[in-house]
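K.L.:
For reference, the chains in residue letters:
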Amino acid sequence: MKPAGLPDKHNYPQDPAQALERLMDSFGAIVMRTAYFYTGDRHLAEDISQEAFLRAYRNWTSFRGDSSVRTWLTTITVNLCRDKMGVRMFSEQPTAPDGIDWGRTISVEDEALTRLEKSEVLQHVLRLPLAYQEALYLYYYLELSTREIAEATSSPEGTVRNRLHRAREALARQMNEEEIG
Amino acid sequence: MTNVDNRLRESFRQEADRTLFLRMDLSDEVKRSIRRQASAVTAARRPVLPRTWIAGAVALAAAIMIITGIPMLQHPAVPAPPEQTAVPSAPANTGAAGSELSSLIMSTLGSVEDARSAFGDGLLVPAALPSGFELSGITAAGEQGKPARDVIFTYVSGQDTITFVASRMAAAFPQDLFTATKVGGAEGFVFEQPELVELYWMRDGIQYSIVGSLSAEEAMQAAESAQP
Chain W
82 MKPAGLPDKH
92 NYPQDPAQAL
102 ERLMDSFGAI
112 VMRTAYFYTG
122 DRHLAEDISQ
132 EAFLRAYRNW
142 TSFRGDSSVR
152 TWLTTITVNL
162 CRDKMGVRMF
172 SEQPTAPDGI
182 DWGRTISVED
192 EALTRLEKSE
202 VLQHVLRLPL
212 AYQEALYLYY
222 YLELSTREIA
232 EATSSPEGTV
242 RNRLHRAREA
252 LARQMNEEEI
262 G
Chain R
21 MTNVDNRLRE
31 SFRQEADRTL
41 FLRMDLSDEV
51 KRSIRRQASA
61 VTAARRPVLP
71 RTWIAGAVAL
81 AAAIMIITGI
91 PMLQHPAVPA
101 PPEQTAVPSA
111 PANTGAAGSE
121 LSSLIMSTLG
131 SVEDARSAFG
141 DGLLVPAALP
151 SGFELSGITA
161 AGEQGKPARD
171 VIFTYVSGQD
181 TITFVASRMA
191 AAFPQDLFTA
201 TKVGGAEGFV
211 FEQPELVELY
221 WMRDGIQYSI
231 VGSLSAEEAM
241 QAAESAQP
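If you read the sequences in order, they're chains W and R.
Just remember that the working numbering sits 81 ahead of the position in the first sequence, which is counted from 1.
Just remember that the working numbering sits 20 ahead of the position in the second sequence, which is counted from 1.
These are computed hints drawn from the structure, not numbers from a lab.
Zero decoy hints are in this set.
DSBU-like, lysine-lysine: derived pairs with alpha carbons at most 35 Å apart: (1) R:Lys51 to R:Lys202; (2) W:Lys165 to W:Lys199; (3) W:Lys90 to R:Lys51; (4) R:Lys51 to W:Lys165; (5) R:Lys51 to W:Lys199; (6) W:Lys165 to W:Lys90; (7) R:Lys202 to R:Lys166.
Which chain W residues face chain R? A few, computed with CB under 7 Å, are given here: (8) Ala110; (9) Arg114; (10) Tyr117; (11) Tyr138; (12) Arg196; (13) Leu197.
FRET-style restraints, in silico, Cβ to Cβ: (14) R:Val176 to W:Asp191: 33 to 39 Å; (15) R:Ser31 to W:Arg242: 18 to 24 Å; (16) W:Asn243 to R:Ser31: 22 to 28 Å; (17) W:Gly146 to R:Gln241: 36 to 42 Å; (18) R:Val132 to W:Asn92: 42 to 48 Å.
Quick reminder that beta carbons are idealized off the backbone N, C-alpha and C, glycines included.
Could you build the full structure based on these sequences and the hints that come with them?
P.N.:
Following this line, the structure appears as structure tokens:
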């Protein structure tokens, strides 16, 4: 397992209100970014972030600390995002390319858009079906293990591994097409 | 991870941070909103434990009545005593508390005078709050035809909120996290957190509290300014 998954709740205050402050300081950005990655909308991301931290606050005492706090909070956020966006959007639909639900529209600032168009990897990731984008984001950006992704998305770990493998292949195809083109 | 994986991860992270996630942090405004909602969750939770206890005790009392065959089920519940505590120690209170659960009425009040009429003349109301805070609403909770059990005053200054509560029920809070203090000679407990302070004290059998975006010193000043 990766270091991110090591239990570390004992390093946090027991009091939920004090813990909430630490969580917001330590993981405010990662929760907000995750919510934004799923929704593509800053306001929606803020709503989801609020709900994620409140859910963590409510459940802080009952959280046993089996995983790292970061993983636990990320899982809460991912669940909220999937609920909000509809879990089906993140289902794999490999057999009907024309019918793939490409999902959300991401609004970015002009400055970011210019950089995005010049990016080596990200622009290709964002062209993939949402199921693959999600797998790559959770694994590479959030550095969750396949087991943690399986828990966060309520999927068998084998399914996560397969999806990640296909996502990498699809990404490689995209990037090769770009180079050839 | 393989080297390819590592390179992919580095590129993904750097590019995402510079583009999609540019300035994508949890703002102070959102943090304040989370704190306010968390505070409301805490406030809403406080009466839950005693009520749960009371509901259990009522169920137990009802079971005993049925088992012993006493035909009391057709009688109305015993009236509530004027003062109720968070954890009633005498079985005589359980029936009254149970009927209270089913008949608690919330109402909005228009003025401090209305609050005094609803709660009773003994109600203390703070005269000095931190500058900028203004009364934005008063809510009362209680049984029909009886003095209000709780009166909640909400004061607002921009995004910040202070809640002042007078209640006939003792508040349930983790005293080990609080610091003992004195409010006008009465025993009080204060808990100072970043951007959120909680102060509880009891006077003449009434539980008072001030919770919100103020310092412990300001909370003490507001508490000591409370007057009939």
